[in-house]
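Participant: Okay, here's what each chain looks like letter by letter:
There are 2 protein chains.
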Amino acid sequence: MKIYQKTDLPVVEIRRYLEPGPIVLLTSHWKEQNNVMTMGWHTVMEFTPALVGCIIAGGNHSFEMIRRSRECVINIPSAELIDTIVGIGNCSGAEVDKFEKFNLLAAKANKVKAPLLPQCFANLECRLHDQSMVGKYSFFIFEVVKAHIASRPGCPAMVHYTGDGVFRVSDKTISRKAGFLPQNL
Amino acid sequence: MKIYQKTDLPVVEIRRYLEPGPIVLLTSHWKEQNNVMTMGWHTVMEFTPALVGCIIAGGNHSFEMIRRSRECVINIPSAELIDTIVGIGNCSGAEVDKFEKFNLLAAKANKVKAPLLPQCFANLECRLHDQSMVGKYSFFIFEVVKAHIASRPGCPAMVHYTGDGVFRVSDKTISRKAGFLPQNL
Numbered sequence: 001m002k003i004y005q006k007t008d009l010p011v012v013e014i015r016r017y018l019e020p021g022p023i024v025l026l027t028s029h030w031k032e033q034n035n036v037m038t039m040g041w042h043t044v045m046e047f048t049p050a051l052v053g054c055i056i057a058g059g060n061h062s063f064e065m066i067r068r069s070r071e072c073v074i075n076i077p078s079a080e081l082i083d084t085i086v087g088i089g090n091c092s093g094a095e096v097d098k099f100e101k102f103n104l105l106a107a108k109a110n111k112v113k114a115p116l117l118p119q120c121f122a123n124l125e126c127r128l129h130d131q132s133m134v135g136k137y138s139f140f141i142f143e144v145v146k147a148h149i150a151s152r153p154g155c156p157a158m159v160h161y162t163g164d165g166v167f168r169v170s171d172k173t174i175s176r177k178a179g180f181l182p183q184n185l
Numbered sequence: 001m002k003i004y005q006k007t008d009l010p011v012v013e014i015r016r017y018l019e020p021g022p023i024v025l026l027t028s029h030w031k032e033q034n035n036v037m038t039m040g041w042h043t044v045m046e047f048t049p050a051l052v053g054c055i056i057a058g059g060n061h062s063f064e065m066i067r068r069s070r071e072c073v074i075n076i077p078s079a080e081l082i083d084t085i086v087g088i089g090n091c092s093g094a095e096v097d098k099f100e101k102f103n104l105l106a107a108k109a110n111k112v113k114a115p116l117l118p119q120c121f122a123n124l125e126c127r128l129h130d131q132s133m134v135g136k137y138s139f140f141i142f143e144v145v146k147a148h149i150a151s152r153p154g155c156p157a158m159v160h161y162t163g164d165g166v167f168r169v170s171d172k173t174i175s176r177k178a179g180f181l182p183q184n185l
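Top to bottom, those sequences are chains E and R.
The opening residue of the first sequence carries number 1 in the UniProt record's numbering; numbering runs sequentially from there.
The opening residue of the second sequence carries number 1 in the UniProt record's numbering; numbering runs sequentially from there.
Hints were generated in silico from the structure; no laboratory data involved.
Careful: at least some of the hints might be erroneous.
[What the hints assert, rightly or not] Cut-off 25 Å, straight-line C-alpha distance, at most; resulting in silico cross-link-like pairs (SDA-like, lysine to any residue):
(1) 136/R <-> 138/E
(2) 177/R <-> 145/E
(3) 2/E <-> 102/E
(4) 146/E <-> 118/E
(5) 177/R <-> 6/E
(6) 172/E <-> 29/R
(7) 136/E <-> 49/R
(8) 136/R <-> 162/E
(9) 2/R <-> 164/E
(10) 136/R <-> 137/E
(11) 172/R <-> 164/E
(12) 177/R <-> 177/E
(13) 146/E <-> 166/R
(14) 177/E <-> 97/R
(15) 177/R <-> 97/R
(16) 177/E <-> 95/R
(17) 31/R <-> 2/R
(18) 31/R <-> 152/R
(19) 31/R <-> 93/R
(20) 113/R <-> 49/R
(21) 172/E <-> 49/R
(22) 6/E <-> 138/E
(23) 136/R <-> 6/R
(24) 113/R <-> 38/R
(25) 172/R <-> 138/E
(26) 177/R <-> 15/E
(27) 177/E <-> 102/R
(28) 136/R <-> 6/E
(29) 6/R <-> 82/R
(30) 6/R <-> 95/R
(31) 172/E <-> 49/E
(32) 172/R <-> 154/E
(33) 136/R <-> 179/E
[As the list claims (entries may be wrong)] Beyond 10 Å from chain E on every Cβ pair, some chain R residues (computed):
(34) 5
(35) 46
(36) 48
(37) 54
(38) 82
(39) 97
(40) 135
Positions of the beta carbon are idealized from the N, C-alpha and C atoms, including for glycine.
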């Protein structure tokens, strides 16, 4: 798997990669253990602070790790990692070391203990901002406190989950900038 | 613009169209007025009830209409409607009748007063399920109470917003069903 060299991305810019709704890989760290899960239910919620809301179902091994550590990293994989994405989503960190099983590298983050995945083109370090909806909806509101983005090639193709084992690929870009009011850009 | 013939979709299935994260058109109705806005910040939250969380910023004319009526319809446009999507997002229902301006048809919904857009391939009738996060985050949690989907052609290409006037198009489908555990399908 390719390793991406990264530069800093202002956190206010994370919507460029998250708003399209790709499948992401959520890493966590708790009590000497790293874990990673596949996640598709998330939304950008605010520019400043840079908030992202994520559903992490209680059945995931990551749920307690993230609830207790109050941190995670949202890693965005390119479409070519589809088999790794599917593999990660179909086993549990309670039973296997997914980093070993899927040959994942783990790099040190700047502001959280959860690891960055260098094989993903974007890594968003997150701290829990609001846990008031965790009990009722398993809905975690995170603040992205540091963002790393591949220096090249911009945003590669991403995958979007539809359920039933089927993904959509977003690999084409269309600009309609001319149709926007300046204040909406 | 093409008009899609629809059939009912079980509400538990709406993740097939929403989880990929497309731009959607939100219709509303309040005091004899219909309105429509473009929205990109949303996430599926639960299968049963079929919950969807949406950020509707207070600056939108639709905000008060939806907050007061406690209803809306999430309409999913195909990629070929991109110029209509951009146009709707760059004017306000406080100043123009967007249905007239963009030649939008309005069909009667079954369970809500907000109209369905027959020119979109999916129409999800929603009732406000939880407004507790509206004040703090402009985050509305809706329950999809009735869903209509195009009889054909399945799911057309959708557009996903990245900010700055640029969209991603998801038009390719990849199946990895064989890599899933049965309980994860």
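Participant: Taking the hints in turn, state whether each one holds.
Facilitator: Do the hints match the structure? See the list:
| no. | hint | result |
| --- | --- | --- |
| 1 | 136/R <-> 138/E | 18 Å, holds |
| 2 | 177/R <-> 145/E | 35 Å, violated |
| 3 | 2/E <-> 102/E | 13 Å, holds |
| 4 | 146/E <-> 118/E | 15 Å, holds |
| 5 | 177/R <-> 6/E | 32 Å, violated |
| 6 | 172/E <-> 29/R | 35 Å, violated |
| 7 | 136/E <-> 49/R | 13 Å, holds |
| 8 | 136/R <-> 162/E | 30 Å, violated |
| 9 | 2/R <-> 164/E | 28 Å, violated |
| 10 | 136/R <-> 137/E | 17 Å, holds |
| 11 | 172/R <-> 164/E | 16 Å, holds |
| 12 | 177/R <-> 177/E | 37 Å, violated |
| 13 | 146/E <-> 166/R | 23 Å, holds |
| 14 | 177/E <-> 97/R | 23 Å, holds |
| 15 | 177/R <-> 97/R | 45 Å, violated |
| 16 | 177/E <-> 95/R | 22 Å, holds |
| 17 | 31/R <-> 2/R | 29 Å, violated |
| 18 | 31/R <-> 152/R | 34 Å, violated |
| 19 | 31/R <-> 93/R | 13 Å, holds |
| 20 | 113/R <-> 49/R | 20 Å, holds |
| 21 | 172/E <-> 49/R | 34 Å, violated |
| 22 | 6/E <-> 138/E | 31 Å, violated |
| 23 | 136/R <-> 6/R | 37 Å, violated |
| 24 | 113/R <-> 38/R | 19 Å, holds |
| 25 | 172/R <-> 138/E | 31 Å, violated |
| 26 | 177/R <-> 15/E | 29 Å, violated |
| 27 | 177/E <-> 102/R | 19 Å, holds |
| 28 | 136/R <-> 6/E | 34 Å, violated |
| 29 | 6/R <-> 82/R | 21 Å, holds |
| 30 | 6/R <-> 95/R | 32 Å, violated |
| 31 | 172/E <-> 49/E | 30 Å, violated |
| 32 | 172/R <-> 154/E | 20 Å, holds |
| 33 | 136/R <-> 179/E | 31 Å, violated |
| 34 | 5 | 21 Å, holds |
| 35 | 46 | 7 Å, violated |
| 36 | 48 | 13 Å, holds |
| 37 | 54 | 8 Å, violated |
| 38 | 82 | 6 Å, violated |
| 39 | 97 | 18 Å, holds |
| 40 | 135 | 12 Å, holds |
Of the numbered hints given earlier, the model fails hints 2, 5, 6, 8, 9, 12, 15, 17, 18, 21, 22, 23, 25, 26, 28, 30, 31, 33, 35, 37 and 38; all others are met.
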